[in-house]
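Protein chains in written order, with numbering that gives the first Met the number 0: chain A, 0 to 148; chain Y, 0 to 406.
Any given hint could turn out to be false.
Said to hold, decoys possible - Simulated pairs of lysine-lysine, DSSO-like, Cα-Cα distance not exceeding 27 Å:
no., chain 1, residue 1, chain 2, residue 2
1, Y, LYS336, Y, LYS268
2, Y, LYS195, A, LYS10
3, Y, LYS353, A, LYS130
4, Y, LYS369, Y, LYS404
5, Y, LYS404, A, LYS6
6, Y, LYS176, A, LYS42
7, A, LYS10, Y, LYS369
8, Y, LYS135, A, LYS130
Unchecked claim - Label-pair ranges, simulated between beta-carbon atoms:
no., chain 1, residue 1, chain 2, residue 2, range
9, A, ASP105, Y, PHE17, 34 to 40 Å
10, A, LYS130, Y, LYS18, 22 to 28 Å
11, Y, ASP74, A, THR14, 16 to 22 Å
12, Y, LEU366, A, ARG66, 36 to 42 Å
13, A, LYS107, Y, GLN129, 50 to 56 Å
14, Y, ASP295, A, GLU138, 43 to 49 Å
15, Y, GLU36, A, ASP142, 55 to 61 Å
16, Y, ALA139, A, ARG66, 39 to 45 Å
17, Y, ALA285, A, GLU3, 55 to 61 Å
If you are wondering where the hints come from, they were derived from the structure by calculation, not from laboratory data.
This structure is a prediction, so every number in the text was calculated from the model and none was measured.
All residues carry an ideal CB built from backbone N, CA and C; glycine is no exception.
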Amino acid sequence: MSMEYQKILAKYADTPGGMLEAFHAIQEELSFLPEEAIIEASKVFGQPAIEAYGVAGFYSMFSTEPRGENIIRICESAPCHIAGASRVVASLEKELGISMGEITADGKFSLEFTQCVGQCQATPVITINGKPFYDVSPEAIPDILAEFR
Amino acid sequence: MAEEMRIVLRNYGKIDPFKLDDYLAVGGYDSLKAAREMDRFELIEEVRAANLRGRGGAGFNCGAKWSFAYQTEADQKYVVCNADEGEPGTYKDRLIMEGDPHSLLEGMAICGYAIGANKGYIYCRGEYPQAVNILKQAIAQAEEQGLLEDFSIEVRQGAGAYVCGEETALIESLEGKRGEPRIKPPYPPISGLWGKPTIVNNVETFANIPAILENGAAWFANIGTPFYPGTKIVTLTGDVVNKTFFEVPTDTTIREIIYDFGGGIKDGKEFKAVQIGGTSGAFIPAANLDSIIGFDHLVSIGACLGSGAVFVLDETRDLVDIAVQIAKFFSHESCGKCSPCREGTVRLQDLLDKINNNQGVAADLPLLNKLGKVMSYSCFCGLGQAAPIPMLTTLEHFPADYMAKIG
Ligand SMILES: Cc1cc2nc3c(=O)[nH]c(=O)nc-3n(C[C@H](O)[C@H](O)[C@H](O)COP(=O)(O)O)c2cc1C
Ligand code: FES
Numbered sequence: 000m001s002m003e004y005q006k007i008l009a010k011y012a013d014t015p016g017g018m019l020e021a022f023h024a025i026q027e028e029l030s031f032l033p034e035e036a037i038i039e040a041s042k043v044f045g046q047p048a049i050e051a052y053g054v055a056g057f058y059s060m061f062s063t064e065p066r067g068e069n070i071i072r073i074c075e076s077a078p079c080h081i082a083g084a085s086r087v088v089a090s091l092e093k094e095l096g097i098s099m100g101e102i103t104a105d106g107k108f109s110l111e112f113t114q115c116v117g118q119c120q121a122t123p124v125i126t127i128n129g130k131p132f133y134d135v136s137p138e139a140i141p142d143i144l145a146e147f148r
Numbered sequence: 000m001a002e003e004m005r006i007v008l009r010n011y012g013k014i015d016p017f018k019l020d021d022y023l024a025v026g027g028y029d030s031l032k033a034a035r036e037m038d039r040f041e042l043i044e045e046v047r048a049a050n051l052r053g054r055g056g057a058g059f060n061c062g063a064k065w066s067f068a069y070q071t072e073a074d075q076k077y078v079v080c081n082a083d084e085g086e087p088g089t090y091k092d093r094l095i096m097e098g099d100p101h102s103l104l105e106g107m108a109i110c111g112y113a114i115g116a117n118k119g120y121i122y123c124r125g126e127y128p129q130a131v132n133i134l135k136q137a138i139a140q141a142e143e144q145g146l147l148e149d150f151s152i153e154v155r156q157g158a159g160a161y162v163c164g165e166e167t168a169l170i171e172s173l174e175g176k177r178g179e180p181r182i183k184p185p186y187p188p189i190s191g192l193w194g195k196p197t198i199v200n201n202v203e204t205f206a207n208i209p210a211i212l213e214n215g216a217a218w219f220a221n222i223g224t225p226f227y228p229g230t231k232i233v234t235l236t237g238d239v240v241n242k243t244f245f246e247v248p249t250d251t252t253i254r255e256i257i258y259d260f261g262g263g264i265k266d267g268k269e270f271k272a273v274q275i276g277g278t279s280g281a282f283i284p285a286a287n288l289d290s291i292i293g294f295d296h297l298v299s300i301g302a303c304l305g306s307g308a309v310f311v312l313d314e315t316r317d318l319v320d321i322a323v324q325i326a327k328f329f330s331h332e333s334c335g336k337c338s339p340c341r342e343g344t345v346r347l348q349d350l351l352d353k354i355n356n357n358q359g360v361a362a363d364l365p366l367l368n369k370l371g372k373v374m375s376y377s378c379f380c381g382l383g384q385a386a387p388i389p390m391l392t393t394l395e396h397f398p399a400d401y402m403a404k405i406g
């Protein structure tokens, strides 16, 4: 694991302001930002560790805790809300046996809230690993999940 | 019936975004070539004369903004495209980036020539991986053919922070830091990215530029309302028959958008309210549906065009419940830099939650009003200043929804 993030960080070392890009790339591999990676980033970008932590903690797409292999995010912005997002949440929680903010015991799925993901032509919307699913109904959840199980 | 007019979406759905040749075949990059034949000052005057005003929310004259960066002497200047598009209910910039990426690149390159910048950044929200992919391929193709000459463009991804749409927070984020807004002045055209003169414009603003140069400033200035000419992409959501997008002249009325383009209210219900400009926008009652969407007209009815999102609610909707959801958005998205916003957004959510759970008392309503007013004039940036607007306007126009929940 350590080798991976060091290699990634080295790639962005000369990119001005590249910490966000580097964090995205690390998360792509590891799904979250381990403490060692954040500290290493602070060295690579010549910043105090507190700055690197500050960046990791500021953005909702970055996580300092391990996450599931597949990250399911449900839009809770007003257009999705009135289109029935809470029923989709209930269906996901039931189907996966976890609550929002949790990870399944097998480490396969994380459930997270998100704000608008810009696919509001087809509310309610969920994303799985960044890929949007449109006009999601509670009944459609088992089929959608099957693809990732 | 009102009709669509496509300027920024002129190529949307007609060309293959992955094929530069498609864009070239419809006259793509001709405006950039023409611009480079022009004197820089005259080019900026042409953009100013078109009276194109920023499509990212603040409505500032684009040419005037460019002239500040043009006049500021520096060894390095930057062009930054604001593609953070975090305003809930909005996806217009995504349509442009995914459907016609070269219009954006061409607009940025024209700006680069005008102000004397050789480096551009597109700050695209992290939720748009497909747009990022398309943009990167488009940039590679344009650079390979030498179309951008000495102007280079890089795409950077945001990471899920609404406040990064605010231009100085965006700049902080581009610099690899927490996206907290800076104090203004200095404004970015004087001192922006890494302290250098920087133009930050919205995707839709840039995408207008090639068409303006192709057809002339006078052509553009005569479309829609003269105070805010041109078109606006509108993304329509909520209880309407057609949840979709349109590009319309700026003298189109709200009523036309909902009933002509949107097909009216879904399931034969009655209209109750419409929120324009995204989740920070005002809720507008039926009495104001005949206002046109032009920037100043909406301001005159206490609203704001913002991103052009139009969120429609039918007679059955409980506006307190929706105001709670919106308050949750702001308390989550507050960056925490200033206390009126950091604390205010949380208190706002608490108070609304309490009322929504039928535990409110009559005294909560003046308290909400006071909190909202304090936030609107004391918060550091537009996020906190706008956060109470949905509550204030629902309370003003739809007090019955609140009263029904207060014992
Ligand atoms: C909280 C907040 C969020 C904003 N979000 C965006 C955004 O997502 N996209 C955008 O173009 N402008 C956004 N703006 C406006 C920008 O600060 C800035 O005015 C705009 O990018 C300038 O470009 P324009 O002149 O082309 O509109 C936001 C402003 C605030 C206060
Ligand atoms: S409101 Fe849910 S995707 Fe835009």
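Evaluated hints:
1. The suggested pairing of Y/LYS336 with Y/LYS268 is violated, with an alpha-carbon distance near 43 Å, which exceeds 27 Å.
2. About 26 Å separates the Cα atoms of Y/LYS195 and A/LYS10, which keeps this hinted pair within 27 Å; it holds.
3. Under the criterion of a C-alpha separation no larger than 27 Å, the hint pairing Y/LYS353 with A/LYS130 is inconsistent with the structure, at around 36 Å.
4. Note on Y/LYS369 and Y/LYS404: the hinted pairing holds, with a Cα-Cα distance of about 20 Å set against a maximum of 27 Å.
5. Pair hint Y/LYS404 plus A/LYS6 does not hold up; C-alpha atoms about 57 Å apart against a cutoff of 27 Å.
6. For the hint pairing Y/LYS176 with A/LYS42, the CA-to-CA distance comes to about 15 Å; that is within 27 Å, so the pair holds.
7. With a CA separation close to 51 Å, the supplied pair A/LYS10 and Y/LYS369 exceeds the 27 Å bound.
8. As the CA atoms of Y/LYS135 and A/LYS130 are separated by approximately 18 Å, the hinted pair is consistent with the 27 Å bound.
9. Here the CB-CB span from A/ASP105 to Y/PHE17 is close to 38 Å, well matched to the stated 34 to 40 Å.
10. Range check, A/LYS130 to Y/LYS18: Cβ separation about 24 Å, and the 22 to 28 Å hint holds.
11. Between Y/ASP74 and A/THR14, the C-beta spacing of about 20 Å keeps the proposed range 16 to 22 Å intact.
12. For Y/LEU366 and A/ARG66, the Cβ-Cβ distance of about 39 Å falls inside the hinted range of 36 to 42 Å, so the restraint holds.
13. At roughly 24 Å, the beta carbons of A/LYS107 and Y/GLN129 sit outside the given window of 50 to 56 Å.
14. Evaluation of the 43 to 49 Å hint for Y/ASP295 and A/GLU138 yields a pass: the beta carbon distance comes to about 47 Å.
15. Evaluation of the 55 to 61 Å hint for Y/GLU36 and A/ASP142 yields a pass: the beta carbon distance comes to about 57 Å.
16. In this structure the hint that Y/ALA139 and A/ARG66 lie 39 to 45 Å apart at CB is violated, the actual value being about 32 Å.
17. The hinted window of 55 to 61 Å between Y/ALA285 and A/GLU3 holds, with their beta carbons roughly 58 Å apart.
The structure fails to meet hints 1, 3, 5, 7, 13 and 16 from the earlier list, while all remaining hints are met.
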